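Asks: These are the residues of each chain, in order.
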Amino acid sequence: MKNLNWISGLVVIVIMAAVILFCPVPSMLSWQSNFLARAFLWLLICAMMCLFRILRGPTAPDRAVAVDMLGILIVGFCAILSLPTGRDWYIDIGLAWALQSFIGIMALAKYLEGKDFDE
Amino acid sequence: MNENIGIILMVIGLVFDFFGCLGLIRFPDVYTRLQASAKCVTLGTCGILFGLFVCTGFTATGIKALLCIAFIFLTAPVSAHALARGAYRSGVKPCEGTIVDQYSETIKK
Amino acid sequence: MINAVSLFILWLFVWSLLNWVPDTKQLIMGVFVAFFMTFMTVDTFGVASPSGKVKRAGFFGIVKKVFWFVCYTIVFIWECIKANIDVAWRVVHPTLPIRPGTIRVKTGLKSDAGLTFLANSITLTPGTTSVDVDKFKGYGYIHVLFLKDGAVSSDMRLPVVDKFERILKRIFD
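These protein sequence lines map, in sequence, to chains A, B and C.
Heads up: the first sequence begins at 1 in this note's numbering, then just goes up one per residue.
Heads up: the second sequence begins at 120 in this note's numbering, then just goes up one per residue.
Heads up: the third sequence begins at 229 in this note's numbering, then just goes up one per residue.
These are computed hints drawn from the structure, not numbers from a lab.
Model, not experiment: these values are computed from the prediction.
Some hints could be false.
Label pairs and their calculated CB-CB ranges [what the hints assert, rightly or not]:
no., chain 1, residue 1, chain 2, residue 2, range
1, A, Arg87, C, Val320, 48 to 58 Å
2, C, Val291, B, Leu193, 21 to 31 Å
3, C, Val291, A, Ser30, 43 to 53 Å
4, C, Asp340, A, Ile15, 21 to 31 Å
5, C, Leu238, A, Cys23, 39 to 49 Å
6, A, Gln100, B, Arg208, 23 to 33 Å
Think of the CB as a built atom: it goes at the ideal place given N, C-alpha and C, for glycine as much as any other residue.
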């Protein structure tokens, strides 16, 4: 049963990877921005996995871990967006987002620990 | 040439991101999930940012990407540590296959 | 005082990195911002070591510390890449080969900065996450992803922790 689950998961992942890698794109794109569009889809799948854990997580710390990982993934989104567009304020958004998510996670961890906010 | 090296680094980062998120789904309890995702997602995102730095060189974007790498390497382990401690203190039990648990014995006293 | 000056230079450096390519207008603005940040953070970073007196390192000592810090960075990045390959292998394995557990290790580090760096590097190295640090007794509690069979005793040592501790002792203590 466990092996069956593993094989079905592998099949799903391979199908998704094949769709992302070989789906047709407009031919006027250079191959670099073509690659970046596919990288964006790949990161979206990672973010969907985090969302799955946020929805299904049996306990509150599970959800907190998934939220933390989602925050770091969004920095990756910003980095990928800033290469083809050539705008440098996307990476500014990434920096600010990393700071914000760090503060939020620290507050969440303190809440889980059951202490006051000023220890 | 620089752009190709940067894109190879980005591919490595994307693969590690994927493994980290897969670990978030497959592992049985909070602590093991935290292990997998904190390591893999941190290195993966830093790989993407370093690839961006290699692609753009010493421009405004590249320098900010380097700052972002330093920031993530400093803060991601701290938040993972705080979450693990918070999970233990809030009373989440480790999963069934756990061999030894010396921390719960300590904080019970 | 020397602490405040070095903090000021650090914040000015970070400011000029944040709006690269720095010109005169940005630098004048940056002086004000760095002054404000120094005023805000000098209490946090300027605390003396727990024994009460600050040991001054000479020029040669600082060069040695910088050398060991570069060594630490190289070792850390190598261990981090190894850790990621290890965890990725465990994630895709069909039977999930994990034997998790929380163990207690003893550390010899005293200073706050050393303990923080040790905890951070433990979290990013193979199969371990630091859970808590008891500063007064010198114990660290570590969650390990794969415990070897004979390794469960009361005060055990992990080779990775020992390696980082040896380097960090030369930098911070």
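Asks: Can you tell me whether the CB distance of Leu238 (chain C) to Cys23 (chain A) sits inside 39 to 49 Å?
Replies: About 48 Å separates the Cβ atoms of Leu238 (chain C) and Cys23 (chain A), which means 39 to 49 Å holds.
Asks: Tell me if the beta carbons of Gln100 (chain A) and Arg208 (chain B) are separated by a distance inside 23 to 33 Å.
Replies: holds, 24 Å
Asks: Just to be sure I understand the hint, the distance between the Cβ atoms of Arg87 (chain A) and Val320 (chain C) should be within 48 to 58 Å; is that true here?
Replies: violated, 36 Å
Asks: Could you see if the CB distance from Val291 (chain C) to Ser30 (chain A) stays within 43 to 53 Å?
Replies: For Val291 (chain C) and Ser30 (chain A) the Cβ distance comes to about 47 Å; the hint holds.
Asks: Between Asp340 (chain C) and Ile15 (chain A), does the beta-carbon spacing fit 21 to 31 Å?
Replies: violated, 50 Å
Asks: Does 21 to 31 Å hold as the CB distance between Val291 (chain C) and Leu193 (chain B), or does it fail?
Replies: Because 24 Å falls inside the window, the suggested range holds.
Violation of the numbered hints given earlier is confined to hints 1 and 4; the remaining hints are satisfied by the structure.
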